[in-house]
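Listed in order, the protein sequences are those of chains E and C.
Sequence positions in the first sequence follow our numbering and run 73 to 349.
Sequence positions in the second sequence follow our numbering and run 210 to 542.
What the hints contain is simulated information worked out from the structure, not anything from laboratory work.
One or more of the hints may lead you astray.
To give an idea of the interface, some chain C residues facing chain E are shown, with a C-beta separation under 8 Å as derived from the structure [said to hold, decoys possible]:
# : residue
1 : A250
2 : I286
3 : L339
4 : G343
5 : L350
6 : V361
7 : V364
8 : A478
9 : F505
Virtual Cβ for every residue (Gly too), placed ideally from N, Cα, C.
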Amino acid sequence: MTRLKRSRPLRLLCTLGALGPLAVALFPLYAIVVASFESTYTLLGNTYYFWPHSPTLANYRTVIHAQSGHVLTSLLVGLGTAALALVVAVPAAYALAKYRLRVTVLVVSALLVAQIVPSIVIATSLFIIFHWIHLLNSYPGLILADGTYAIPFAILVLRAFFFSLPNEVMQAARVDGASEWQTFTRIVVPLARSAVITVMVFAFLNGWGDFIFALTVLNGTTLQPITLAIYSYLGFYTSDWGAVMASVVFATVPAAVMLVVAQRYIASGLTAGSVVG
Amino acid sequence: MTLGTGAPAQVPAAVRRGGRPHATRADKGAGLTSWQRRQAAGWLFLAPAVLYVLFAFALPIVYNVMLSFERSSPETIASLTAPFAGLANYHFILTDPTTRTAIVHTFEFTAGSLLGQFIIGFALALLFSLRFPGKTIARSLIIVPWLVPLIVTGVIFKFLFQLEGGAVNQVLTDVGLVHHPIDWLDNPHLALLTILIANIWLGVPFFFLLLYAGLQDVPTEVKEAAVMDGAGPWQRLRLVIVPIILPVIEVTVLLGFVFTVKVFDLVIALTDGGPANATQLITTWSYNLSFQQFTFGEGAALNNVLLVLALICAPIYLWLSRSSLKASAGTVK
Numbered sequence: 073m074t075r076l077k078r079s080r081p082l083r084l085l086c087t088l089g090a091l092g093p094l095a096v097a098l099f100p101l102y103a104i105v106v107a108s109f110e111s112t113y114t115l116l117g118n119t120y121y122f123w124p125h126s127p128t129l130a131n132y133r134t135v136i137h138a139q140s141g142h143v144l145t146s147l148l149v150g151l152g153t154a155a156l157a158l159v160v161a162v163p164a165a166y167a168l169a170k171y172r173l174r175v176t177v178l179v180v181s182a183l184l185v186a187q188i189v190p191s192i193v194i195a196t197s198l199f200i201i202f203h204w205i206h207l208l209n210s211y212p213g214l215i216l217a218d219g220t221y222a223i224p225f226a227i228l229v230l231r232a233f234f235f236s237l238p239n240e241v242m243q244a245a246r247v248d249g250a251s252e253w254q255t256f257t258r259i260v261v262p263l264a265r266s267a268v269i270t271v272m273v274f275a276f277l278n279g280w281g282d283f284i285f286a287l288t289v290l291n292g293t294t295l296q297p298i299t300l301a302i303y304s305y306l307g308f309y310t311s312d313w314g315a316v317m318a319s320v321v322f323a324t325v326p327a328a329v330m331l332v333v334a335q336r337y338i339a340s341g342l343t344a345g346s347v348v349g
Numbered sequence: 210m211t212l213g214t215g216a217p218a219q220v221p222a223a224v225r226r227g228g229r230p231h232a233t234r235a236d237k238g239a240g241l242t243s244w245q246r247r248q249a250a251g252w253l254f255l256a257p258a259v260l261y262v263l264f265a266f267a268l269p270i271v272y273n274v275m276l277s278f279e280r281s282s283p284e285t286i287a288s289l290t291a292p293f294a295g296l297a298n299y300h301f302i303l304t305d306p307t308t309r310t311a312i313v314h315t316f317e318f319t320a321g322s323l324l325g326q327f328i329i330g331f332a333l334a335l336l337f338s339l340r341f342p343g344k345t346i347a348r349s350l351i352i353v354p355w356l357v358p359l360i361v362t363g364v365i366f367k368f369l370f371q372l373e374g375g376a377v378n379q380v381l382t383d384v385g386l387v388h389h390p391i392d393w394l395d396n397p398h399l400a401l402l403t404i405l406i407a408n409i410w411l412g413v414p415f416f417f418l419l420l421y422a423g424l425q426d427v428p429t430e431v432k433e434a435a436v437m438d439g440a441g442p443w444q445r446l447r448l449v450i451v452p453i454i455l456p457v458i459e460v461t462v463l464l465g466f467v468f469t470v471k472v473f474d475l476v477i478a479l480t481d482g483g484p485a486n487a488t489q490l491i492t493t494w495s496y497n498l499s500f501q502q503f504t505f506g507e508g509a510a511l512n513n514v515l516l517v518l519a520l521i522c523a524p525i526y527l528w529l530s531r532s533s534l535k536a537s538a539g540t541v542k
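Generate the whole structure from the sequences, applying the supplied hints.
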């Protein structure tokens, strides 16, 4: 269809057609920002304003102290999940792509199926198992649980990337006398840098955005990532939308910054291997 | 699937290619051949992932099955096992009216989501397969909602769908579509529709992206040939484009199904399963049974229903991913 000659007005009509869905897709994000600068009084009123009616920084003042600890917790959980993905997924993906192991088909099948398992199933069991091995309400427990989002995906994406790596690269390293471990750490991982960074960013976002495991395996009050904090905040102060929305900005901006910073790597990392399937 | 038997046939080649220079090193290494050392290295690289999968997937699934046959209570949580309950938990979830509505809601929610996401996502993908000014930037912006944690999406929609001062009602009354604001979240007849709308919003970028990628792969010559043969836009779509991208559609809908039966965060933030269980899904009701009523056995039994529902897709998913499974060691794509 792209080859067919189209008049300029018709193409502009397409632009207009795309603007509608784009507005619907982006409006909620816009609404967060507007509401975070809106006064509580206006937000409690009966009218919705598409532009701050009575702009204020009060919401941010309210939440900056309340939420910065939770942001830090989320940051640690996100970094922990990324680190777990790095340690577990990168070597495994390499093994599944470049070594002829008897279990390759079995393990890859298991990983594909693992992506299907609903988190609530895992969360229910992990709660009792963690209770028993004293991992409830701890960073390691939450990070291990959050890895269930990230690790199967990371292995499958990285494996697809490693397929594209010519075997000659590794053979050359071996001819030069490098051990399997040296070949992996000094040749393969640097070559796969963009793919590795991509899956780590996704793992970070999984840990950052997780709610269900934070809700279940953190059964206490000492450890609260920002997602859980917003949820409890919502329960207590449903009327204080300004503060909730300022917290939501805190929960979104670091993830957005992360994604923008890593964008260059993600583009090349994802195109290298087919993500789907 | 023939990897296991196929592997040994490759051994001589591997030894011939890479083995020579290692002969002396291999002799030092406890008499292992280069092939054996490579196998050992491969296993070591794989070991952490295997352990992780066993711990974080296999163990919870098995334990969940055990739990579903136990009579658990707040007192039994401290110990790993509880008294045997036979089929009592399954009897409960089959007879409990709330569980039944949760299962029905899950089906309605899933079917509605997939339908809405597919229609909108496909329409957008078709639109974006045309050429127009601003297309590239629009395409990258449309997936921005993915940045937002799911629970946050729920919070935003709760804000936008408020009865008074909500943006949705404001737009609807301004445009004149309704005279009185709609009670999206607290009306039991509307709440399920509201979470459906939120979930469609959430899933459209995913459908769009995959279907768009699929449409890019339809050869231009095929489309041009169809035009030459006098096929109209609808005929081209139905008889040419859809058959070609059918595999992509299958994968997309399948993944969409898997995502949708799992939905939890969004509903918890928007309605918490209410009002009067009107938006209770299997996931939220299972959470309620286990973590709010502390009847983990009943929650686990319901989890198994959910697991079976999700795993119905597993064989299809594996079949659709067969090329990725077969692509074995060293194939350069």
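Evaluated hints:
{"no.": "1", "hint": "A250", "in the structure": "4 Å, holds"}
{"no.": "2", "hint": "I286", "in the structure": "6 Å, holds"}
{"no.": "3", "hint": "L339", "in the structure": "5 Å, holds"}
{"no.": "4", "hint": "G343", "in the structure": "5 Å, holds"}
{"no.": "5", "hint": "L350", "in the structure": "6 Å, holds"}
{"no.": "6", "hint": "V361", "in the structure": "5 Å, holds"}
{"no.": "7", "hint": "V364", "in the structure": "6 Å, holds"}
{"no.": "8", "hint": "A478", "in the structure": "7 Å, holds"}
{"no.": "9", "hint": "F505", "in the structure": "7 Å, holds"}
When each numbered hint is compared with the structure, no violation occurs for any of them.
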